[in-house]
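Undergrad: Next come the chains, spelled out residue by residue.
2 protein chains.
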Amino acid sequence: MTKILIIGAGRSATSLIDYLLKHAPSNDWKITVADVDKRLAEEKLHGDSSGTAISFDITNEEKRRQVILEHDLIISMLPATMHGSVARDCVEFGKHMATASYVSADMKALDEEAKHKNVLLLNECGLDPGIDHASAMKIIDEIQKEGGEIICFKSFCGGLVAPESNDNPWGYKFSWNPRNVVLAGQGTAQYLENGEIKFIPYNRLFSQIETIEVEGYGKFDAYANRDSISYVDVYGLRSVKTMVRGTLRQQGYCKGWNQFVKLGLTDDTSKITHANELTYTSLLNSFLPAGEGTLKEKFKKFAGSEWDTQTETMMDYLELYSGKKITLKEGSPAQILQALLEEKWKLKENDKDMIVMQHQFEYTLPSKPGIQKLSSSLAVIGKDQNYTAMAQTVGLPLAMTVKNFLTKKFKLSGVQIPVKKEIYEPLLKELEEYKIIFIEK
Amino acid sequence: MTKILIIGAGRSATSLIDYLLKHAPSNDWKITVADVDKRLAEEKLHGDSSGTAISFDITNEEKRRQVILEHDLIISMLPATMHGSVARDCVEFGKHMATASYVSADMKALDEEAKHKNVLLLNECGLDPGIDHASAMKIIDEIQKEGGEIICFKSFCGGLVAPESNDNPWGYKFSWNPRNVVLAGQGTAQYLENGEIKFIPYNRLFSQIETIEVEGYGKFDAYANRDSISYVDVYGLRSVKTMVRGTLRQQGYCKGWNQFVKLGLTDDTSKITHANELTYTSLLNSFLPAGEGTLKEKFKKFAGSEWDTQTETMMDYLELYSGKKITLKEGSPAQILQALLEEKWKLKENDKDMIVMQHQFEYTLPSKPGIQKLSSSLAVIGKDQNYTAMAQTVGLPLAMTVKNFLTKKFKLSGVQIPVKKEIYEPLLKELEEYKIIFIEK
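Taken in sequence, the protein lines are chains A and B.
Residue numbering for the first sequence follows my numbering, beginning at -17 and increasing consecutively.
Residue numbering for the second sequence follows my numbering, beginning at -17 and increasing consecutively.
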């Protein structure tokens, strides 16, 4: 019998738990779902006899270590910053661990000890990062197998709202942690462009954008992710001249969001006290430079050439001029903005979300003259606000890879991400059964 | 006998130590100067029999507590973030403490216990904060004593280079912590303007500036400090409609500095690895959007209307196009920029620095019709790169106020800043003896 512990029973764990429960009886797995809110864990198990729900507080060290000790493989669905203590416990006790999060410096530091103890620390095995690595590496390995050289690699992904549920002018609703969406991109993005290292600071991230087209789904804005350069080595792209990974939003979103960046409404380092004595209208006025005219006229002047019918509609939708009260007692500008957006960008009960991913390759082949082009695109529409496309595409690759590891389809230890053929090949094949299929062009 | 401990013997402590040594014999003081570098502490004492130098590491808790226990009053000249542990020890042992730094949340939290134990925690008693509070409160108290109401209060201060040593186009050299200069203003500035709360985010801080004139010293750029609003209550300005505190730079500096902000060169949250394989020229190129022409032409296009002869001269001075090597192995963009500026903006041996301060008041008086205006300005030129204007104007107010407290010119406990008459009156009077004199107009 193998005991699997899943820490965190939030929305993103739904599909993961379902999949593991489904495969539990035939593999003799016992599944424990642990959450601060035990009822939430119970709900996700819907009475399945292979599963047990427990109440779990990550900060209770004694209990945490005891629970980890009782299991064989631990899946952490916690926010990335909370994996550290779990990972250290896992390596100490010789337990495998799996997450959908980026490999942190803390995680990296455990690599050697984990290898020594034959412990797997699987990371970046969700959607982005996750499916993007797997699907890109499949193509990269194929091209390189034919003796080809990749010159340009661009990869984009966005968690969006499905066209049929897109009833707001931003084309966006939260299917993922709202805080991460509001703070997205702070710092400096780095990528390669025509052989040169390029940096984009936060203040230009949403204006220095690209337009990406995905057949059947239209055009999207794409802004650069934090660090694309480190993946040159990870993907083994020796000759690459252009390498960008980015995030997709509906076309026009970035122009609107850039107003919040310029205004200062996404700053998370300062505190506005007595915020609940203000309105969103007075807050906007306080961030706008002094000037003549109505608030909307001042805003229009501030936005300059970025103000068009779409921007106007987006801002109107957020009720910025109506004297809407701020409910947070105090908070950073970013927290106050987030509170408004959580109300305006909420997925309604029957709303469906959508994830879109596209890889673009330019490469040479010894067998053909000139530069070859290939694009590989994926679009997944969610079922409802619980079984979102996001929950499926984050949870299933993690669950499938855990199954493939436990059923010995691959044998690896230490810090791993799904860039190796033995991981991505069975994964991509099984994802197709779930209609998660890339279209190559 | 009273035992005074001074922690930190850096440049900013020079005038403070001299003053306290001078007054030690007549007051029966023993002065201990503690620094990580004992030789530095010894140098500052130049053999004075009232002083002892010790080697001191703030992170060595046992030694720190032992040394604090042996003294009656502790002056911390450490960076502001390092006062916390010293303050807690002081309150625990019933020792008085004095700093030139802003009151932190940690410090504030000790107020009640300090009052209970009759311990003074004197803060913000340097130049800015310090002399600004004292000199502003003198005028505010005078106006309010006559029944007047202050409508507008603006206060500006800058640590600059003296006109006779101003041989670079930025009009700036480091007379203070370079890191703080490079990171200045990150977050959101808040102030009052015509009765409205105004916020300026970092990305607009160096373009939404004022021009300030100080007679005999010319015009200066002024950008807003982080938090001006909290001083409305501290200064007791009940009816004030405009309240701004700001930082002065030579005219044109902000336009130049804004290019670094826009480029992203002041970001301290991201790390550039292998920086020493780059040059400042390639770094600039990496931060500039892709485009045609030489690097300087691309930079000019990027700066847009902010590019003029002065900006051009400022950038030329920094040797940005000459392929100058980066020496830091890795670091944030801000750290890499700082390394260049520390070389270019270094005070030379015979260079003199200058501090400039100006308060502007608009107020009503019951005895006179209309709105009254008053400005109060201070300029101090340093002696050399050790006895800087900065070291004098930071160290002397702290030293004098410590003397006034120990000689019982005022009796206060808990967290205090120099806004009370019993503190500022003797202080401003004695500062005049050192030629630190405000000119009212």
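These aren't lab readings, by the way, just hints derived from the structure by calculation.
Take the hints with a grain of salt, since some may be wrong.
For chains that are exact copies, the list does not tell them apart, and a pair is met inside one copy or across any two.
Result set (BS3-like, lysine-lysine): computed pairs, CA atoms no more than 27 Å apart in a straight line [unchecked claim]:
| # | residue 1 | residue 2 |
| --- | --- | --- |
| 1 | Lys120 | Lys99 |
| 2 | Lys223 | Lys311 |
| 3 | Lys402 | Lys390 |
| 4 | Lys283 | Lys244 |
| 5 | Lys237 | Lys280 |
| 6 | Lys283 | Lys223 |
| 7 | Lys365 | Lys201 |
| 8 | Lys326 | Lys402 |
| 9 | Lys223 | Lys402 |
| 10 | Lys307 | Lys90 |
Undergrad: Next step is simple, just say for each hint if it's right about the structure.
TA: Verification of the supplied hints:
When the C-alpha separation of Lys120 and Lys99 is checked against a cutoff of 27 Å, the pair qualifies neither within a copy, at 29 Å, nor between copies, at 70 Å. For the identical chains of this complex, Lys223 and Lys311 are inter-copy neighbours only, at 24 Å across copies versus 49 Å inside a copy, given an alpha-carbon limit of 27 Å. Taking CA atoms no more than 27 Å apart as the test, Lys402 paired with Lys390 passes inside one copy only; the shortest distance there is 15 Å, against 75 Å between copies. Taking the shortest alpha-carbon separations for Lys283 and Lys244, both the intra-copy value of 13 Å and the inter-copy value of 20 Å come in at or below 27 Å.
Taking identical chains as interchangeable, the C-alpha atoms of Lys237 and Lys280 lie at most 27 Å apart whether they share a chain (17 Å) or sit on different chains (23 Å). For a Cα distance limit of 27 Å, the shortest separation of Lys283 from Lys223 across copies, 25 Å, qualifies, whereas the shortest one inside one copy, 40 Å, does not. In this assembly of identical chains, the alpha carbons of Lys365 and Lys201 lie at most 27 Å apart only when taken from the same copy (23 Å versus 64 Å across copies). Taking CA atoms no more than 27 Å apart as the test, Lys326 paired with Lys402 passes in neither setting, with 41 Å inside one copy and 49 Å between copies.
Within a single copy, Lys223 and Lys402 get their C-alpha atoms as close as 23 Å, which meets the 27 Å cut-off; across copies the closest is 64 Å, which misses it. For the homomeric pair Lys307 and Lys90, neither the shortest alpha-carbon distance inside one copy (45 Å) nor that between copies (31 Å) is at most 27 Å.
Violated hints, listed in ascending order, are 1, 8 and 10; each of the other numbered hints is respected by the structure.
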